[in-house]
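Chemist: Sequence:
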Amino acid sequence: MSKRIYDTVIIGGGPSGYSAALYASRAGLDTLVIEKMSAGGQMMLTDIIENYPGFKDGIDGFTLSENMRIQAEKYGAETVYDEISSCELSGTVKKLCGFSKEYLAKTVIIAAGASPRKLGLDKEEKLTGRGVHYCAHCDGRFYKDKTVAVIGGGNSAVADALYLSKLAKKVYLIHRRDTLRATKIYLQPLSQASNIEIIYDSVAEDIVGENRIDGLKIRNVKDSKARDITCDGIFISIGRKPETDFLGDEIGLDDSGYIIAGEDTKTNLSGVFAAGDVRTKRLRQVVTAVADGAVSAELAMEYIERENIII
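With the numbering used here, letter number 145 in the sequence shown gets 686, and the count goes up by one each step, no holes.
Calculated from the structure, these hints are not laboratory results. All residues carry an ideal CB built from backbone N, CA and C; glycine is no exception. Warning: the hint list may mix true and false statements.
As the list claims (entries may be wrong) - Here are the simulated lysine-lysine pairs, DSBU-like style, with alpha carbons at most 30 Å apart: (1) Lys782 x Lys711; (2) Lys685 x Lys711; (3) Lys822 x Lys636; (4) Lys659 x Lys766; (5) Lys710 x Lys766; (6) Lys725 x Lys707; (7) Lys807 x Lys544; (8) Lys615 x Lys807; (9) Lys766 x Lys711; (10) Lys685 x Lys725; (11) Lys807 x Lys577; (12) Lys597 x Lys685; (13) Lys615 x Lys664; (14) Lys659 x Lys577; (15) Lys687 x Lys711; (16) Lys725 x Lys782; (17) Lys685 x Lys758; (18) Lys636 x Lys782; (19) Lys710 x Lys687; (20) Lys725 x Lys822; (21) Lys782 x Lys763; (22) Lys659 x Lys822; (23) Lys725 x Lys763; (24) Lys667 x Lys807; (25) Lys597 x Lys711; (26) Lys725 x Lys710; (27) Lys659 x Lys763; (28) Lys544 x Lys577; (29) Lys615 x Lys597; (30) Lys664 x Lys763; (31) Lys687 x Lys707; (32) Lys687 x Lys766; (33) Lys642 x Lys577; (34) Lys664 x Lys758; (35) Lys758 x Lys707.
Stated by the list, open to error - The calculated label-pair distances, taken between Cβ atoms and stated as ranges, are: (36) Lys615 x Asp755: 44 to 52 Å; (37) Arg545 x Asp755: 52 to 60 Å; (38) Glu746 x Asp786: 26 to 34 Å; (39) Cys638 x Glu665: 29 to 37 Å.
Let's have the full structure, built from the sequences with the hints guiding it.
Modeler: Here it is, written out as structure tokens:
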């Protein structure tokens, strides 16, 4: 018996993946979503999402994740739980090798997402979502009139500090070097934010607190002196790691490992698209991820029709 060849296989079951699955399955494409853990990706770990339209009181990430999966499957999309270890994407039939089995497809939508880079502190995992955060726009509202620390020195960290300065009473910006890596456009508003204190030449060594954040222990990298700062929350902004290690060298990646693809989600390979946090883009939020998913599904359908792929 010949192997099943899907019209489209979507790698990743986050908001971009299930948005693509919804649009593809409603268009009549034989659609498979491959997710290595559980529906929702990073979204599932968010306690409350308030910046996704349609939910005036917000919605928790787990519920939104499940709703997206159920809606896509209602129209015929399938979900399997597996992890893709390698793939061959340049041919007419794309081959994806998982740990459980091999999958074949006419088109592939890569929606594998990106994970925040972590500091590796002892209590970091335990207190994630309970004082330790990786998304200021997602969780900043919990710290209105409180004190927070932002760790990092690039554009994202400075942008997070500026955003939080409009909510929090006090913001510490902690950077391991003696100058920020952020571009000049951020420096003027940073200098005008009276409630932001920049702590240079310093690294985080330990989180103070057991079941909630009481502060942060930092160490100066030049004189090795340690100090504690009191804060209610910590926002870690030292970059993200795109889930692209399994792709090999077929797909074009930028220097940070993100798939090079524009708003049309097209990659350098015909019939292969990149959606959501895994691709090069300016804003990585749920709303932009679902938009990518819709676009990639539409273009996958057009590709199949244009190339007249009948197998």
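Chemist: Taking the earlier hints as the rules, which of them does this structure contradict?
Modeler: Hints 13, 24 not satisfied by this model.
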